[in-house]
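Enquirer: Required output: the full structure, derived from the provided sequences and hints.
Letter 90 of the sequence shown, counting from 1, is numbered 90 in my numbering, and no numbers are missing.
Hints may contain errors.
Claimed, not checked - In the EDC-like style, the derived pairs of lysine to aspartate or glutamate whose C-alpha atoms are separated by at most 16 angstroms in a straight line are:
no., residue 1, residue 2
1, 75, 188
2, 74, 188
3, 6, 254
The set of hints was computed from the structure by calculation and includes no laboratory data.
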Amino acid sequence: MQLAAKREYWLISGLLFFFFFSWSSSYSLFSIWLHRVIGLNGTETGFIFAANAIAALLVQPFYGALQDRLGLSKKLLVWIGILLCAAAPFAIHVYAGLLAQNVVLGALVGAAFLALAMLAGVGVIESYTERLSRHAGFEFGTTRMWGSLGWASATGAVGVVFNINPDITFYMSSAAGIVFLLILSRLDLSRLNQPAAQAGMAARPVQLNDLGKLLVLPRFWAFSLYLTGVCGIYMIYEQQFPVYFSSFFPTPEEGTRAYGYLNSSQVLVEAVLMLFAPWVVSRTGAKYGLILAGGIMFVRILGSGLATQAWTIATCKMLHALEVPLLLVSIFKYISLNFDSRLSASIYLVGFQFAQQLTAMLLSPLVGYGYDRFGFANVYVLMAALVGACLLLSWTLLRKDPARGTSQDGPGDSPELPAISQSALRYEP
1 MQLAAKREYW LISGLLFFFF FSWSSSYSLF SIWLHRVIGL NGTETGFIFA ANAIAALLVQ
61 PFYGALQDRL GLSKKLLVWI GILLCAAAPF AIHVYAGLLA QNVVLGALVG AAFLALAMLA
121 GVGVIESYTE RLSRHAGFEF GTTRMWGSLG WASATGAVGV VFNINPDITF YMSSAAGIVF
181 LLILSRLDLS RLNQPAAQAG MAARPVQLND LGKLLVLPRF WAFSLYLTGV CGIYMIYEQQ
241 FPVYFSSFFP TPEEGTRAYG YLNSSQVLVE AVLMLFAPWV VSRTGAKYGL ILAGGIMFVR
301 ILGSGLATQA WTIATCKMLH ALEVPLLLVS IFKYISLNFD SRLSASIYLV GFQFAQQLTA
361 MLLSPLVGYG YDRFGFANVY VLMAALVGAC LLLSWTLLRK DPARGTSQDG PGDSPELPAI
421 SQSALRYEP
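Expert: Written as structure tokens, this is what we have:
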């Protein structure tokens, strides 16, 4: 790796680390914060998550189209960094008070902030990293690993400090946002704006009709079905999982502390496995990488519904470390092989993030009511059945990888394989 590329690798890795550190500090125990600090029940918590999903649903297509037009410009990342810095004052002095006084108003205001800063912001920084890795010459998987490490570092600390004072978690989030902006100020991409570097970039800028053509492709909707019916339901399962996990312990404080340690351990394992995921996906192909990740999701949801002891529910949680690396690598590889690479941010934000939020918007209140009425375990078994059905359907509808040397026609020019798919085809330990 050249010296300039090495510098860009470490700076973008730092951005990922502190973005995920900030997000985890505010959000990893979000459902517990709503239950214990604000005093909401399962139905109200489901409503909060639905509001978050609607807001993210509205923001993600805008963010995706904007980032595709901006290319490697840092303007959108600066905006996200400023919002991360505001996490503590917003959560402590605005959001908590609004939720206590009026759940609906608090949900609307909070959803707008969370979507702009984190829930839609994560797709921006991940797609930006993939785009930069393509042009700077490093692997997405090894860079994204630092995001997992950032989440793990924050979660381990949050599980402890939450029992001391929940406000500390939001101060951690803002502090990480400040570091995020400082690192971003050091990221100089001027060499990638030179004519020689521009030759490897898109032949023409993204136009609105390119996005319109994307929406009429059957393979885009087949991909979205997988992301909605499998990943979307799995995301809803994740929303209030910390509350269910904590119920396996004698006191809520013990459960919160244990969840912090477990989540931190899970994400550390996830970070290590991120290094090996390209090697696995290069052998399974993008389609079967997605199916394998979906199978792990199915097993985890069903196992959680059948679990009767703390160690069994903890084992189910650790399966998440296997699923995330496979899912991320398979998604970007599937996008690169089946769609125009100029639209990578739009496809990732609309196809992946948007699809998940759409499912959450529609089902979170219903699932929250089910938790209150029927219990977590029964609802988890039903959710596992839905995921299993969608997984079988996706097995039929998703496209296999094209033969090497050929490419799928997308809206516009033939796609150039981004760095993530190249690393999946040429993995070196």
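Enquirer: For the pair supplied as a hint, residue 6 and residue 254, is the alpha-carbon distance within the 16 angstroms limit?
Expert: 42 angstroms, violated
Enquirer: Take a quick look at whether residue 74 and residue 188 sit within 16 angstroms of each other, Cα to Cα.
Expert: 10 angstroms, holds
Enquirer: For a C-alpha distance cap of 16 angstroms, please report whether residue 75 and residue 188 respect it.
Expert: 13 angstroms, holds
Hint 3 alone, counting from the list given before, is not met by this structure.
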